[in-house]
Amino acid sequence: MRKKECLAMLLAGGQGSRLGVLTKKKAKPAVVFGGKYRIIDFSLSNCVNSGIDTVGVLTQYKPLILNAYIGTGEAWDLDVASGGVHLLAPAYTETGGSWYKGTADAIYQNIDFIDSYDPEHVLILSGDHLYKMDYSAMLAFHKKNGADLTISVIEVPWEEAGRFGVMSADENMRITEFAEKPSKPKSNLASMGIYIFKWDMLRRVLTSDHNDDASEKDFGKDVIPAMLRRKRQVFAYRFSGYWKDVGTIDSYYEAQMGLLVEEPDFNIFERDMRVFSNSNIYPPHYIGLTGVVKGSLICNGCTILGEVRRSILSSDVYVGAGALVDASILLPGARVEEGAQVVRAIVGEGAVIGKGACFCGGTAKIAVLGDGERCQAG
Amino acid sequence: MRKKECLAMLLAGGQGSRLGVLTKKKAKPAVVFGGKYRIIDFSLSNCVNSGIDTVGVLTQYKPLILNAYIGTGEAWDLDVASGGVHLLAPAYTETGGSWYKGTADAIYQNIDFIDSYDPEHVLILSGDHLYKMDYSAMLAFHKKNGADLTISVIEVPWEEAGRFGVMSADENMRITEFAEKPSKPKSNLASMGIYIFKWDMLRRVLTSDHNDDASEKDFGKDVIPAMLRRKRQVFAYRFSGYWKDVGTIDSYYEAQMGLLVEEPDFNIFERDMRVFSNSNIYPPHYIGLTGVVKGSLICNGCTILGEVRRSILSSDVYVGAGALVDASILLPGARVEEGAQVVRAIVGEGAVIGKGACFCGGTAKIAVLGDGERCQAG
Amino acid sequence: MKRMMGIIAANYQSDSFAQLTKDRPVASLPFGGRYRLVDFPLSNMVNSGIFTVGLITPYMYRSIMDHVGVGKEWALSRKVGGMFILPGSIYGLKNVQGKFLLRDILRNRPYLDRSNFDLVVISGCSKVFNIDFQDVAEQHTASGADITLIYKKTDAACGTKELYLDVAENGEVTAAHDAPIGADNCFMDAFIMSRDLLLKFISWYEETSYLDLTDIIVENLSHLYVSGYEFTGYMGNADSVACYMRCSQELLNPEVNRELFRPDRPIITKIQDSPPAKYWPAASVRNALVSSGCIIKGTVENSIIFRGVTIEEHAVVRNAVVMQNTVIHRESILENVICDKYAVIRPGVKLFGNPDAPILVGKGQDV
Amino acid sequence: MKRMMGIIAANYQSDSFAQLTKDRPVASLPFGGRYRLVDFPLSNMVNSGIFTVGLITPYMYRSIMDHVGVGKEWALSRKVGGMFILPGSIYGLKNVQGKFLLRDILRNRPYLDRSNFDLVVISGCSKVFNIDFQDVAEQHTASGADITLIYKKTDAACGTKELYLDVAENGEVTAAHDAPIGADNCFMDAFIMSRDLLLKFISWYEETSYLDLTDIIVENLSHLYVSGYEFTGYMGNADSVACYMRCSQELLNPEVNRELFRPDRPIITKIQDSPPAKYWPAASVRNALVSSGCIIKGTVENSIIFRGVTIEEHAVVRNAVVMQNTVIHRESILENVICDKYAVIRPGVKLFGNPDAPILVGKGQDV
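Protein chains in written order, with UniProt numbering: chain X, 1 to 378; chain C, 1 to 378; chain G, 1 to 367; chain D, 1 to 367.
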């Protein structure tokens, strides 16, 4: 096998508790997004489109649906003998089991896996943002600088900088300072949570982090500050495209509504930098004699007998006659029965809005119904 | 999706510590057997050959190699949309992580998975025996009796009965008594660790076992005795073919040596009840001008310049000129260098017997070299 | 469960489709918004537990091989059984009206010889239905018949060359006609027989292998016990342009749709990776099947829209079938039209066909 | 890394193989114990990072489609790129000596049109080597050549219809001959050119599309900058029965074997599921390549034994190639013999061929 120049490790173990009931039965990366995708599709597609053919996916919280979805990675052209997707759950060893204690620990526990590919560099990704990025350009920048670590950064509005890890860099983009969620940010260059490490260096850093009892085993809080303290070559790579958080109900909702405009910033119809997904086979959707669909995204398998406006309908959704769905996101298999109303709402997988029921959010708050739940009239 | 009549749950989480260094880096079901197989191949192949297309594989101890090996189950024709292989590692939930506490607990923690297929019956298998069995015949017997539980049994010599769970049955094969490793066995019908449960019943029994603090969460010790106490319909299904334990170094060795005779009891060349495996692509093996091979099984990718007698060489093994390999098992990638001697030994994956070294077991004890280790001369 | 092997005649051509089948066999004609006709027999077989399927392929095999591949989507990419490519004979199939030419089977005899199945299910591609062949096999075995022909009671099958069966009260097929006169039992191009009998046919008729299997069966009605199996579900007939249009329109009937695309026996097809269909605020769509990847800005009524079609503003598509990746520009009107793949309808173009003779726009044609 | 697309001419026939290629193209001739010839160009492309590969397939496509399928084993079953089946033309290829007929490419022009690669690598199937096309592409780009032909310095290529190149000191190809007179640079049936130039060739020569691409290149040597790439590794030639035999024997040279089957650029083939080869206590085997699934009870020397072959007690196989599932019964002797698949050699049969003209036993033949 050829030595790998760069492999990717995708952190997909978090519960994503800020997505509330949507992650009750599955990990955040497995939540459906944009009708036919799951959140992890965007990172995996970025990998493939960047020529990275070896990806370790670190899972922990309720991984069953995620595992089944990823399979061998065939849906992303990642089922290659010389690499491919590997699902890396915490393992049980002679000395008992050990869950991942933090992002850095998750990588630490998989040192053997990474070593088996003998890579030059390791790309660390987290799967809760919507963006298209060519990691190979970032890798070229990283190599050109001879960097130990390169962090992808994006300019954010100054008033929001305090929500991120922000960094100051010199004129060569070498990072001079890094602050995790500072109350008084000195920079508006925010970390996107995308790192490329020289593997030799990362292996050493992780080992010493592992032995540090005071560490929380987190990249942002522990690993990166430690590297800066030791004056490692840490650079910032400036990214300037679309990049949106989808980790809260509000951001998850807003990012999807953004897909509905005529020329969206994030374009799922683009032929280059395609987004791949693993889909089931459903017949085309059917819009009945009484159906109305405007300004919406509709997946295969849907039956629409009512009115659908400014909404996203995932596969196999049913909207009964006389029902109204407006400014809402219906996840796979959701049913809106006759005469029901769904406005500014997210309806979970297989959830049901009963006949004549009204499930409506307001300007302040999106209404969310969990997977398989039921909302009845009256 | 059609309701499943029967799905299989394969217990593959154990360390298999009785296999010593062979399970240092992988779970027992992932240990190579018979040159090109891994121990789990036999159970998976039995499933496919019995028409069972949905298998949950319960993993826990060092599952990485096992996971990569099983993949989507394509190698066993088990990559079907309506079922297939599912790898079921212990999961982390809102309330933290929970490792499998015993065989019964492993199934208990996957009740949701099983329910998603809505099966009539569930077949429980453990993956450490060598046998070919048509589970559909056992299922027919189970259904004919309207049994809550059917246990596959085999007659063992009386003097060995105490090593097994043994049972007494009436003339209809209904089990009247069950004793786990009794010091004074009343029967020589030994449990093969193969169970078919009515799923409704098993779900109930597992739930009450889960709530019983005194239980060790084990099928043999807890679940089956409890069902007998409650006078459930528990039957014994008599199996009479080849069935050998491969869970200790000695039994693992002897079972493989049994493949070398001219007409072995367990026949890997048979066309019906085939054994499937997931193999890499290697060129044919090469026997050099100085090579000698007699009474052996040789896999692709080997290079043999020395003498090989009564041995099993897995893929990509090298035997140098002047070396002697006798009555030994060489696992994938093992190297026996020039002039070395290997007799009554098991040489682990990628392990090396250095030039002129002698790695020999005796009549009493098989010599075992762990994966990747090295034995030097002198 | 009966153990059966399958044969699908996916090689025959037809001249009743005009340019729609110029470069493809009938089997790979797109249908129903995302399928090809061959998906129906393939899915029927797999859903009936038949996992050894021989596909008789045509000389123009690219489209069908592209679509079916090694049968992965149908779980036919297997170590035991799976999909077998059986190249059909090459000689002027277009002129021959047969679908089940003996010579195509003769040519692939090892497929039958090397198997150990008792029964063979044989199906054509141009009729559309969702059937459980297990039911047919059970009736076949119970009746003790040599051959069981599957039929549907209808005298409006629409096809140009149907076979209608006289079925006696005991279920025996006593005669066959090529028009529904005196019989309204339309043969569905699908039947079950024993492998042994099929091998016998091959030996008996080796010299006259240009014959069609169904002709041989009809010729031998008096010597054999040929039974009929009545199918009561929906059968669509896509045997000519007009039939294809009618059958496509029938999919807009929710009951037909539900029956054909039932979740317990799904129609499987090649997976394509398209985004969801996007409807612009001005879109107006009713009574339509629309596939993923479409961009709809105009008006669509009573139509089947395939994957990746763009319908621009103020364009109107009515009673039409629009195949993959066609672009319909603004202010054009299409009524009673079938557009093949990759066609382009320029702005303002107006095409009005007749419901019984729809206008055809060829593959990649720029109108 | 250069982004390239590939074309493999897997359709050509040959009459220099007698019955070995009666029912199969040269591309699907079994070779090396478990491979088919097409595995070499396919693996070379994939190992060089070429994941968009067009396979020109022959009229007798069953064997090659069975083997290659959708290219899964080669990681060519992909959403982006992957393997494209390009059906070759049907007319009497056997009589034509060409391997790269323009009409085969013309017929599949959309494969070239729809792509956005700059370079196309084109390879035949009957020469056996393990190459990194990235190296060739780098030299091609650096030299600024229009076309780069890959050659090996040898005047003993053994083939019946080789092309030998005159290569100037600056690497330019100045002339080509069909014999090694004055030049020992044997063209390896593999070359790189820009997609644009290939499309130009198609337009220029559309009227005379029966021409071979290599003829066109030779004809244009004075107008084009045609460069040579010298390959220094092992090249085997399987262009006729005698060559095939010699080339098979060469695999028994450990150095050749190591070079051709190097682990960093593995030759990939269809996965078959056979048990390990089983040697009985009486077996006597030296200087042989033996595949899985064999049962060896007799004597084997200087031979290539394919998957699932049985060699009974006291049978002797020497200087032979024995293909898949053949059974050699007791006390028979085979020397200088090539046995095709599923052959049966009866007890006591003795076949002694000449090293330069081995005896051929046809597929399934019972001797």
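Hints were generated in silico from the structure; no laboratory data involved.
Incorrect hints may have been included.
Claimed, not checked - Facing chain C, from chain D, some residues (calculated, C-beta under 8 Å):
1. Gly32
2. Arg265
3. Thr269
4. Asp273
5. Pro275
6. Pro276
7. Trp280
8. Val290
9. Gln365
10. Val367
Claimed, not checked - List of simulated lysine to aspartate or glutamate pairs, DMTMM-like, C-alpha gap at most 20 Å:
11. G:Lys363 to D:Asp113
12. G:Lys341 to D:Asp113
13. X:Lys25 to C:Asp118
14. G:Lys297 to X:Asp115
15. G:Lys297 to X:Asp112
16. C:Lys25 to X:Asp326
17. G:Lys153 to G:Asp178
18. G:Lys79 to D:Asp273
19. G:Lys270 to D:Asp66
20. X:Lys4 to D:Asp264
21. C:Lys24 to X:Glu159
22. X:Lys4 to D:Asp132
23. X:Lys294 to G:Asp178
24. X:Lys294 to G:Asp135
25. C:Lys4 to G:Glu313
26. G:Lys2 to C:Asp118
No residue lacks a Cβ here, since even glycine has one placed at the ideal position from N, Cα and C.
Each hint, compared with the structure:
1. Gly32: holds (7 Å)
2. Arg265: violated (12 Å)
3. Thr269: holds (6 Å)
4. Asp273: Status holds, d = 6 Å.
5. Pro275: holds (4 Å)
6. Pro276: holds (4 Å)
7. Trp280: Holds, because the Cβ-Cβ distance from tryptophan 280 (chain D) to chain C comes to roughly 6 Å (cut-off 8 Å).
8. Val290: Constraint on valine 290 (chain D) satisfied, holds at 6 Å.
9. Gln365: violated (22 Å)
10. Val367: Since the shortest Cβ distance to chain C is 24 Å, the answer is violated.
11. G:Lys363 to D:Asp113: Since the Cα atoms of lysine 363 (chain G) and aspartate 113 (chain D) sit roughly 16 Å apart, the hinted pair holds (cutoff 20 Å).
12. G:Lys341 to D:Asp113: holds (17 Å)
13. X:Lys25 to C:Asp118: holds (18 Å)
14. G:Lys297 to X:Asp115: violated (52 Å)
15. G:Lys297 to X:Asp112: violated (53 Å)
16. C:Lys25 to X:Asp326: Distance ~55 Å between lysine 25 (chain C) and aspartate 326 (chain X) Cα, so the pair is violated.
17. G:Lys153 to G:Asp178: Distance ~15 Å between lysine 153 (chain G) and aspartate 178 (chain G) Cα, so the pair holds.
18. G:Lys79 to D:Asp273: Roughly 8 Å separates the two Cα atoms, so the pair holds.
19. G:Lys270 to D:Asp66: holds (19 Å)
20. X:Lys4 to D:Asp264: This hinted pair holds, its Cα atoms lying about 12 Å apart.
21. C:Lys24 to X:Glu159: Answer violated: lysine 24 (chain C) to glutamate 159 (chain X) is near 53 Å, above 20 Å.
22. X:Lys4 to D:Asp132: Roughly 17 Å between the alpha carbons, so the hint for lysine 4 (chain X) and aspartate 132 (chain D) holds.
23. X:Lys294 to G:Asp178: violated (49 Å)
24. X:Lys294 to G:Asp135: violated (44 Å)
25. C:Lys4 to G:Glu313: violated (49 Å)
26. G:Lys2 to C:Asp118: violated (23 Å)
In this structure, the earlier hints numbered 2, 9, 10, 14, 15, 16, 21, 23, 24, 25 and 26 are contradicted, and the remaining ones agree with it.
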